[in-house]
Amino acid sequence: MTNQSLAIRHLETGEPLFTIPQPLVTSMNVEHIDDENDPTPYYGKFVIRSDGLVITLITVVETSWLLDEDNRSYPILIDPTMDKGAQRAGWAFYYRYQPYGWSGYTDYYYVYNNANLVYTCRGSGNYQINCGYSSFYTNMYRYAWHRYDFNNAMPSGATVNSVDFKSNVGGYWGSGNKYFDCTILKTGGSQSSNMIDPSSYLYSGVNGLSGKIRNSARSCNSQALATPPYYYQGGAVRTISMNSNGESDIQDAVDGNGGGSNGHIVGLGIRNTQNTPLWYWCSTNYYSYYGCTTANKHPLLHVDYSGGSDTSPPQTNFVPYTGVTTHRAEARTIFFGLMDGTGVDTTTNGGPHIWYRVNNGSWSGTRATSLGTCQAGYWCDFKVLIPAVNEGDYVQYFMAFQDINGQAGS
57 MTNQSLAIRH LETGEPLFTI PQPLVTSMNV EHIDDENDPT PYYGKFVIRS
107 DGLVITLITV VETSWLLDED NRSYPILIDP TMDKGAQRAG WAFYYRYQPY
157 GWSGYTDYYY VYNNANLVYT CRGSGNYQIN CGYSSFYTNM YRYAWHRYDF
207 NNAMPSGATV NSVDFKSNVG GYWGSGNKYF DCTILKTGGS QSSNMIDPSS
257 YLYSGVNGLS GKIRNSARSC NSQALATPPY YYQGGAVRTI SMNSNGESDI
307 QDAVDGNGGG SNGHIVGLGI RNTQNTPLWY WCSTNYYSYY GCTTANKHPL
357 LHVDYSGGSD TSPPQTNFVP YTGVTTHRAE ARTIFFGLMD GTGVDTTTNG
407 GPHIWYRVNN GSWSGTRATS LGTCQAGYWC DFKVLIPAVN EGDYVQYFMA
457 FQDINGQAGS
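Just so we're aligned, residue 57 is where the sequence shown starts under the numbering used here, counting upward by one.
It is worth saying that the hints were derived from the structure and are not from the lab.
These figures come from a predicted structure and were not determined experimentally.
Yeah, the Cβ is synthetic: ideal placement off N, Cα and C, and Gly gets one too.
Please note that a few of the clues may not be correct.
So the derived label-pair ranges between C-beta atoms look like this [stated by the list, open to error]:
| # | residue 1 | residue 2 | range |
| --- | --- | --- | --- |
| 1 | Ser420 | Ile104 | 26 to 36 Å |
| 2 | Gln289 | Trp419 | 52 to 62 Å |
| 3 | Gly312 | Asn233 | 10 to 20 Å |
| 4 | Gly261 | Ala292 | 45 to 55 Å |
| 5 | Gln289 | Tyr259 | 31 to 41 Å |
| 6 | Ala387 | Leu113 | 31 to 41 Å |
| 7 | Ala387 | Gly213 | 38 to 48 Å |
| 8 | Arg423 | Tyr377 | 51 to 61 Å |
| 9 | Ser317 | Tyr259 | 10 to 20 Å |
| 10 | Gly181 | Ile114 | 53 to 63 Å |
| 11 | Pro285 | Gly213 | 33 to 43 Å |
Required output: the full structure, derived from the provided sequences and hints.
Written out as structure tokens, the structure is:
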């Protein structure tokens, strides 16, 4: 048990993979923890429990603090945040060809999908301060784009409070601060336009993805990012914070009013707002030379939220054996997957079990084991072994599973 921040490190090398901040607990209606309305922000304690390959982290709070009605403002917020990784990423290109100062020009739009790296830059003529290329290519931009799916990513009814884009990036030329904004990709250039699924716009031209990135409304105000270390030194993580428009769009995606056929898709574009040389951003693929080695270095949206409840059981992809009359003499391994927005319970007592009985006898339970690490909002695979049966036996079974009882922050 500890109230300090936690560092998760590589078992063999000791390299820090990611950190978990101290468990801050405060009143949900207080915007800043140093606000005069809440002069005593409280740090709870982490209880760490290991169950095979799964580590469970529980935040506990002393009841004397929690029930101090004279100094508390309810409900209480227990630092609920989540990181949503990109499912797909790429880069897009826009430039205007206008040689010799002629009045005529031609605009070009291109898009690149599932690249190992994604790139940003702005300007032309000198690759040490912009994208390079001939000055004939005016209005030159490279954009990064990402696709996120918020289906079952957060508890039902959760309220988005803030959103940050984070990704590892490396540079080569330049120094000091460079300026970026971001955009939630939409059908038109206004905030009220409908959100799109980037997968449906992977083609060239102004109506393709490059044009959508260029013309969609601003979802992050222009903000300074320090030039990162050289890309061959692994770069560094940089953060771009969303404005209220971006937060509103993420809320829409959480609620099912976003892009794509399921209403939960978010397309995000990253844009320079002043001339900047080439930056090399991590994509969704592992690429050790550029520092793209761990989940917290790949592009993700860090969402701070409050409220919400998990009123639905986990989804399962198991197809029942119904009316089967064939017989196998050996024991049978059953494979199945579960998914839940707040996570599937994998503990010894609460984890998935198969209960079965033979020839109307007594019920026996066998615990399923997970294949790899389970994460909230993603399919988690399990396997379970049931013993051999004899020819002619009548076998009945059912599966029992539950989620982690998903109040935000629990």
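Consistency of the hints with the structure:
1. Ser420 / Ile104: 26 to 36 Å: holds, 32 Å
2. Gln289 / Trp419: 52 to 62 Å: Given range 52 to 62 Å: holds, Cβ gap about 60 Å.
3. Gly312 / Asn233: 10 to 20 Å: At roughly 38 Å between Cβ atoms, Asn233 and Gly312 fall outside 10 to 20 Å, so the hint is violated.
4. Gly261 / Ala292: 45 to 55 Å: Violated - the Cβ-Cβ distance for Gly261 and Ala292, about 35 Å, lies outside 45 to 55 Å.
5. Gln289 / Tyr259: 31 to 41 Å: holds, 36 Å
6. Ala387 / Leu113: 31 to 41 Å: holds, 35 Å
7. Ala387 / Gly213: 38 to 48 Å: holds, 43 Å
8. Arg423 / Tyr377: 51 to 61 Å: Since Arg423 and Tyr377 have Cβ atoms about 19 Å apart, the given range 51 to 61 Å is violated.
9. Ser317 / Tyr259: 10 to 20 Å: holds, 19 Å
10. Gly181 / Ile114: 53 to 63 Å: Holds - the Cβ-Cβ distance for Gly181 and Ile114, about 57 Å, lies within 53 to 63 Å.
11. Pro285 / Gly213: 33 to 43 Å: holds, 42 Å
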